[in-house]
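**Student:** As given, the protein sequences belong to chains A and B, one line each in that order.
If you count the first sequence from 1, position 216 lands on 216 in the numbering used here, and the numbers rise without skipping.
If you count the second sequence from 1, position 151 lands on 151 in the numbering used here, and the numbers rise without skipping.
Watch out, some of these pointers could steer you wrong.
Because identical chains cannot be distinguished in the list, a pair is counted as satisfied if it fits within a single copy or across any two copies.
What the hints assert, rightly or not - Here are the computed lysine-lysine pairs in the DSBU-like style, where the Cα-Cα straight-line distance is at most 35 Å:
#1 Lys308 <-> Lys156
#2 Lys18 <-> Lys245
#3 Lys222 <-> Lys165
#4 Lys69 <-> Lys91
#5 Lys29 <-> Lys98
#6 Lys304 <-> Lys137
#7 Lys98 <-> Lys222
#8 Lys113 <-> Lys226
#9 Lys91 <-> Lys137
#10 Lys222 <-> Lys175
#11 Lys306 <-> Lys222
#12 Lys222 <-> Lys91
#13 Lys308 <-> Lys227
#14 Lys69 <-> Lys156
#15 Lys248 <-> Lys308
#16 Lys156 <-> Lys137
#17 Lys69 <-> Lys248
#18 Lys18 <-> Lys137
#19 Lys91 <-> Lys226
#20 Lys308 <-> Lys91
#21 Lys137 <-> Lys227
#22 Lys69 <-> Lys29
#23 Lys98 <-> Lys18
#24 Lys29 <-> Lys292
#25 Lys95 <-> Lys29
#26 Lys91 <-> Lys245
Don't read these hints as lab results, they were simulated from the structure.
Owing to the predicted nature of the structure, the values given are computational and were not obtained by experimental measurement.
Number of protein chains: 2
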Amino acid sequence: MANEAYVKELVSLKEQLKFDRVFDVAGAKNIVIAGMGGSGIAGMIFQEIYSELPVYMVNDYHIPNFVDKETLFVAISYSGNTEETLSAYDKAAEKGAKMVAITSGGALASESKEPIIIPQGLQPRAALGYMIMPLLKSFGMAGNDEIGEAYDILGKIDAQNEGEKLIAEEVAMGKKIPVIYGVYPYKAVAYRWKTQFNENSKVIAYSSSFPELNHNDTMALKNTYKKSDFYFFCLSDNRDSRMDKRIKATEEITGTMFRQIGARGKSRLSRIMSMVHIGDYITFHLAGLLDKDPLNVTEIEELKLKLKE
Amino acid sequence: MANEAYVKELVSLKEQLKFDRVFDVAGAKNIVIAGMGGSGIAGMIFQEIYSELPVYMVNDYHIPNFVDKETLFVAISYSGNTEETLSAYDKAAEKGAKMVAITSGGALASESKEPIIIPQGLQPRAALGYMIMPLLKSFGMAGNDEIGEAYDILGKIDAQNEGEKLIAEEVAMGKKIPVIYGVYPYKAVAYRWKTQFNENSKVIAYSSSFPELNHNDTMALKNTYKKSDFYFFCLSDNRDSRMDKRIKATEEITGTMFRQIGARGKSRLSRIMSMVHIGDYITFHLAGLLDKDPLNVTEIEELKLKLKE
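Excised from the complex, chain A in its bound form (with noise of 0.2 Å):
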């Protein structure tokens, strides 16, 4: 029963994609973007892939000393009940920042003069495409042709994920700790696998960067105690010669090898969102081989409450 509500989920992504709220970005010197775990991930992404202003993430309850009223501060939360993004909005906004709120209600909704309010009843970490597209769409990143192929991209995962299942099987069987390396622009997207793997799956992961990694992962690599606990995923275009030479020296260098997975789709917005899609499916395919439920987050509900104590 848990699993059929969570493909629901799942199977919104696309439907979002064609969420078109947008904000104002002009006069903005810089971007400073808040938010925490699942609505955290969309300003990381952005941030990877938009580079024209300086966009600096902030997940912590202060605010960096440079945020005036040139910077265009967006404050993201799902629930809009977050503490540390609702610390950070109310001080952005005392300094006089241009205020942005995605949300889908809460104290968020009610602070913010004109809230982008996006729907309710999902798990943040599934509401993604809602939470990215103000953002894009703002910047002039997303057009209809590349919604419509992402749309069509995520369908196909929706319909088919057989694949992902298998390696969510070879997870499960060695109870694997899962290790994923992203290639730039799939570095944030990195990091949300490892929080799928998190939330979803309720198993410990990390994830890291090329070139980052070459310069101390790659020693561990070699040398580890329990390297066959590991499962090493990397997240690569395999577009880029140099980098392709830099994944494969790695591999042999260290005795290591990595399950690549490819993007789909020609367009930016197909590509990383269907590499985000992709983690989505093995860590919920590894929940159920695992027999834990993807939507429970009871403790992270408990924290909640335990700190308003």
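Please arrange chain B on chain A, whose structure you already have, making use of the hints.
**Tutor:** Just chain B now, with coordinates in the frame of chain A:
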């Protein structure tokens, strides 16, 4: 022998704090710092604590589009031959950014008009003091009193690190996978520890931060398989009651014990550098216990050669 050579590098950290070369920071609208691995950490720590201007980290070949004449571009490469950093440097120079290079030599020293030259002969990760002090001093973030305090405190850790050895023994005995959680202002330091576990001890490790991990890792902490394979560190000041409550609640709700690591000293410089140095010693002792040479970075070197083929 290798150990003696490495200890020599470790105990030089306090001396590095006296390095007093600075660069001109006037007129910058934003700051971009390029650096990989051990050289990038200096930028990451700076980014976490300096927020008067947007600080953007580059750990790849490309630079953000916003880089222009009003950007202060700081390239940090201990060797001066890191190909990603050199690529980013060239691109920023073409765009007319204000260029700063912090390096011990190599191509970066040749390309830069007035490089900040730091002493050669260390492992890059052992030269953190040389790489971070020009940033802190140029922005007026480290006075002589603070440097004096930090010098004394690092010296005490050099003289007495039996407690760090005991922790390393616990990790080694259980063949644990270290997980390091950082609380502001120690989020970048947590990443530094991760990289030191990788490079010194040749062990896979990962880092994350509070409160972000309460939105993802928390679900895995309670339910994951192989939980006893991990060793959880928490780098915290224990001075922020809200954050303390959060850490404690996370331990209780997920049934996890964090090894709390406290910083030493009064000034921010002492506290951050002591937190770094405690990790240096734990990972150094762990290398010894695992019979690994902390100075050995064979695979990283092999990779660099292979990429040049």
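**Student:** I'd like to know which numbered hints this structure contradicts. Please list them from smallest to largest.
**Tutor:** When the structure is compared with the hints, numbers 1, 2, 7, 8, 14, 17, 19, 21, 24 turn out to be violated.
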